[in-house]
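Asks: If you read the protein sequences in the order shown, they are chains A and B. Using the numbering used here, you'd call the opening residue of the first sequence number 125 and step up by one each time. Using the numbering used here, you'd call the opening residue of the second sequence number 125 and step up by one each time.
No false leads were mixed into what you were given.
Chain copies aren't distinguished; within one or between two, either way the pair holds.
The calculated lysine-lysine pairs, modelled on DSSO-like cross-linking and capped at a C-alpha distance of 30 Å, are:
#1 K247 to K263
#2 K247 to K269
#3 K323 to K516
#4 K516 to K348
By construction, these hints were calculated from the structure, which means they are not laboratory data.
There are 2 protein chains.
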Amino acid sequence: STASTGSTTGLDGRVCAVLGAQWGDEGKGKLADVLAEKYDLICRFNGGANAGHTVIANGQKFAFHLLPCGLIYPHTKNLLGNGVVVDMEALFDELGDLDKGGVDWKGRLFLSDRAPLLFDFHKELDAVMEGQRSSSGNKSIGTTKKGIGPAYSTKMLRNGLRVGHMRHRTEFLTLLRSLIESHRQFYQLDIKEQDVLDKYDAFASRAQDMIVDGVALVNDSFQKGKRIIAEGANAAMLDIDFGTFPFVTSSNTTVGGVCTGLGLSPGKIDSVVGVAKAYTTRVGGGPFPTELTDSRGHGDRPDNADETEIGLYMQNEGKEYGVTTGRKRRCGWLDAVVLKYGHLINGYSGINLTKLDVLDYLDYVRIGVAYTIDGVTLGPGAMPSTIEDLAKVEVVYETLPGWRQPTKACRSYDELPENARNYIQRIEEIVGCRVSWIGVGPGRESMIQHS
Amino acid sequence: STASTGSTTGLDGRVCAVLGAQWGDEGKGKLADVLAEKYDLICRFNGGANAGHTVIANGQKFAFHLLPCGLIYPHTKNLLGNGVVVDMEALFDELGDLDKGGVDWKGRLFLSDRAPLLFDFHKELDAVMEGQRSSSGNKSIGTTKKGIGPAYSTKMLRNGLRVGHMRHRTEFLTLLRSLIESHRQFYQLDIKEQDVLDKYDAFASRAQDMIVDGVALVNDSFQKGKRIIAEGANAAMLDIDFGTFPFVTSSNTTVGGVCTGLGLSPGKIDSVVGVAKAYTTRVGGGPFPTELTDSRGHGDRPDNADETEIGLYMQNEGKEYGVTTGRKRRCGWLDAVVLKYGHLINGYSGINLTKLDVLDYLDYVRIGVAYTIDGVTLGPGAMPSTIEDLAKVEVVYETLPGWRQPTKACRSYDELPENARNYIQRIEEIVGCRVSWIGVGPGRESMIQHS
Ligand SMILES: Nc1nc2c(ncn2[C@@H]2O[C@H](COP(=O)(O)OP(=O)(O)O)[C@@H](O)[C@H]2O)c(=O)[nH]1
Ligand SMILES: Nc1nc2c(ncn2[C@@H]2O[C@H](COP(=O)(O)OP(=O)(O)O)[C@@H](O)[C@H]2O)c(=O)[nH]1
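Input sequences plus hints: build the corresponding full structure.
Replies: Now the structure itself:
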């Protein structure tokens with residue numbers, strides 16, 4: 125039913141995209157990390173410093189928000205592609221952390237000259253926009269206030285600056301002055317022009333050696349037989365086009381974003397691995413049909429409604445709170461409608477099901493297999509596009525027996541309890557896609573291959 | 125050297141993308157029209173009412189700015205995909221023209237519920253932005269003032285409305301009120317709220333039957349074996365990411381835009397035809413390395429410089445002035461560096477070389493085969509990303525003898541004059557891609573297949 129032909133695991137792909145298949149925090153970082161060992165060039169293609177991969181290496185914890193997580197492997201080159209909005213301050217902060225952790229990144233990190241630059245005033249504009257939204261009675265869309273939306277908005281208005289402009293100092297400063305001026309004029313932002321100019325001028329001179337023609341780098345590498353990972357930030361249901369708008373991020377998190385964000389043509393992308401938790405989580409507001417958490421877990425379900433205990437249990441077992449913010453993530457059953465919809469758009473070669481171990485002691489597990497609205501079942505893969513329609517969705521579930529034993533120590537598919545294997549097999553059947561990796565714990569060794 | 129495997133002509137593809145390979149006006153409309161006869165679903169995936177396809181059918185001329193040109197074939201279904209910004213007024217204007225021309229479009233035109241809506245105040249904002257640009261000493265980027273950039277900018281800020289909102293009247297009007305308010309507040313636009321609400325409320329009720337889940341429509345059609353054309357607007361060098369920024373349009377005009385703008389995964393796109401004139405044109409400002417026109421042709425070359433007569437000749441012979449505006453298009457030699465760069469990004473299965481006949485009576489023809497900057501030759505496919513670097517580019521040319529005889533009556537490749545065939549063959553060698561269609565005149569019959 126799909127047209128993808130690539131390797132299901134991504135292990136033997138030439139270009140492998142690692143994409144979030146739900147609402148984020150699926151554990152993309154871990155798969156990218158496992159794959160990076162065998163790859164040459166690791167690229168971010170979308171978003172900005174709003175990703176949240178944590179990778180443990182040399183016994184140390186590294187948080188990657190903007191940089192590709194491949195940097196911790198000395199053999200890799202790493203690129204921020206043209207689709208990424210680059211916050212130079214966040215960049216040098218993260219590089220500082222790598223320095224402290226003894227990771228030598230020099231000569232291995234490249235910035236596409238076509239990537240838009242994100243400035244401090246973009247972050248301020250995020251706050252202004254949230255203010256405008258709430259004063260007009262709209263719901264907060266819970267942005268991370270990292271300036272991502274405003275930076276992409278500037279790009280669309282074509283008065284922004286790009287990484288390549290940092291190579292032309294006079295032009296860079298002129299354009300920056302004009303962008304500051306327009307932000308003052310339109311949004312009444314109080315920007316200290318000279319401070320901003322000095323700050324980014326200094327960043328620009330430190331960045332010179334990293335600036336490259338990203339399209340050429342990626343395609344030359346491909347031509348030379350190098351192996352490339354496209355490391356996704358955010359997730360399918362947060363895609364600006366296909367996600368639960370307006371509770372989405374401002375970039376394409378789906379596979380088209382790999383093409384537009386790196387300059388790789390579709391025929392070159394041979395593996396697309398969708399990363400999905402064995403259940404579902406969502407941070408902040410927005411539709412979440414299979415949700416089980418009530419206000420105790422910062423969720424939207426009526427307090428103490430059916431199965432809200434299970435939502436809380438998932439939240440605790442899965443340590444579902446934000447790395448930096450501590451914000452609790454809403455939890456619920458696995459939504460196979462979401463996976464199927466993502467599969468239509470992304471053409472997954474395989475799925476990485478993570479955190480299976482979190483479900484180990486449940487008596488039963490459920491899979492959301494279809495949506496109905498007013499009693500009518502939606503077609504396979506159909507996803508309502510408005511929050512009004514999503515609010516009306518009733519989920520049809522299949523219930524399977526739990527396995528009630530630990531999976532953490534399992535190292536092969538056959539070692540998994542029979543009921544766990546049945547759960548996985550049912551997911552494969554419903555989504556129409558191989559579950560090629562199974563995560564049973566946070567460590568690298570807890571990734572079971574199922575090719 | 126490329127990873128594409130599809131049909132070179134697009135004739136036997138399941139999903140065929142028809143993409144501009146230069147700076148627009150290449151004649152994509154004619155190819156889309158030729159192919160549409162054999163296809164079931166014709167989709168626009170990017171841009172808005174800023175395209176300019178002219179198709180002649182039933183002895184009448186139809187101008188398509190927003191609608192897919194497939195509409196003139198009664199057997200086709202047609203879609204404005206989620207990547208298109210939809211101006212409802214332009215939509216009903218164009219449908220009115222079809223009505224007058226006796227084309228029955230009812231039940232055959234669909235709007236993706238995820239497509240952003242473009243309002244009148246977006247057009248006003250275009251003017252405000254140009255004003256801001258020129259007051260800060262920047263060059264005009266020559267937008268068409270159709271509101272495209274502002275509409276995409278609103279999308280990125282996630283406070284916009286989408287086609288699907290028209291299904292929920294109360295919500296639609298509330299969101300529209302809030303968007304009007306923010307445009308008043310930030311851009312000091314004088315918007316008559318009630319007039320705008322009434323106008324779009326009326327459009328919304330007329331549009332109800334056209335609204336669909338575009339992702340489902342496209343993928344269901346694919347699954348059922350229907351054949352799909354993705355009809356590009358604008359062109360590779362006008363892509364928001366890969367074009368000559370900031371002289372670009374605000375959407376992805378390259379193949380990644382087909383994935384993000386329709387929800388089709390890369391593996392499903394099996395043919396990508398790049399449409400290129402046998403020479404090069406560009407409308408308005410911005411870099412144009414192989415240009416030959418001086419001020420007499422609204423070009424940037426010094427007056428009466430070498431070969432500017434040839435530029436003028438191309439402009440006259442090729443009727444290179446805008447359909448609606450009458451604005452003269454700058455003209456120059458074919459730039460194979462541009463084609464090669466586009467080929468990297470798009471992975472062309474084949475190229476449609478149009479308007480070969482315009483060169484019929486030249487003594488010689490030239491192909492720009494490489495760029496040098498300060499005497500250093502850039503690598504194959506490398507394209508400077510800033511206008512500063514593009515301004516420094518010197519073009520290396522290859523010169524070939526002209527054919528000095530008419531090609532207009534040729535109906536097969538073998539009938540073409542030997543020197544014309546040599547010209548085509550040399551283009552194929554340099555770009556590394558088959559020239560699978562050759563246009564030798566405006567009519568449908570003047571399309572030579574070369575598979
Ligand atoms: N228990 C358990 N935790 C996991 C598993 N896979 C990943 N994690 C943890 O889940 C969290 C989410 O991963 P993170 O990198 O933030 O998600 P990303 O943004 O999708 O990369 C991290 O703390 C991981 O260590 C798994 O299979 N089991
Ligand atoms: N002389 C000549 N004119 C052509 C040929 N192909 C297309 N045209 C004309 O070129 C113009 C450009 O086509 P248009 O549809 O505006 O370009 P699009 O925006 O790329 O679809 C139209 O007036 C066509 O009729 C050709 O091979 N020879």
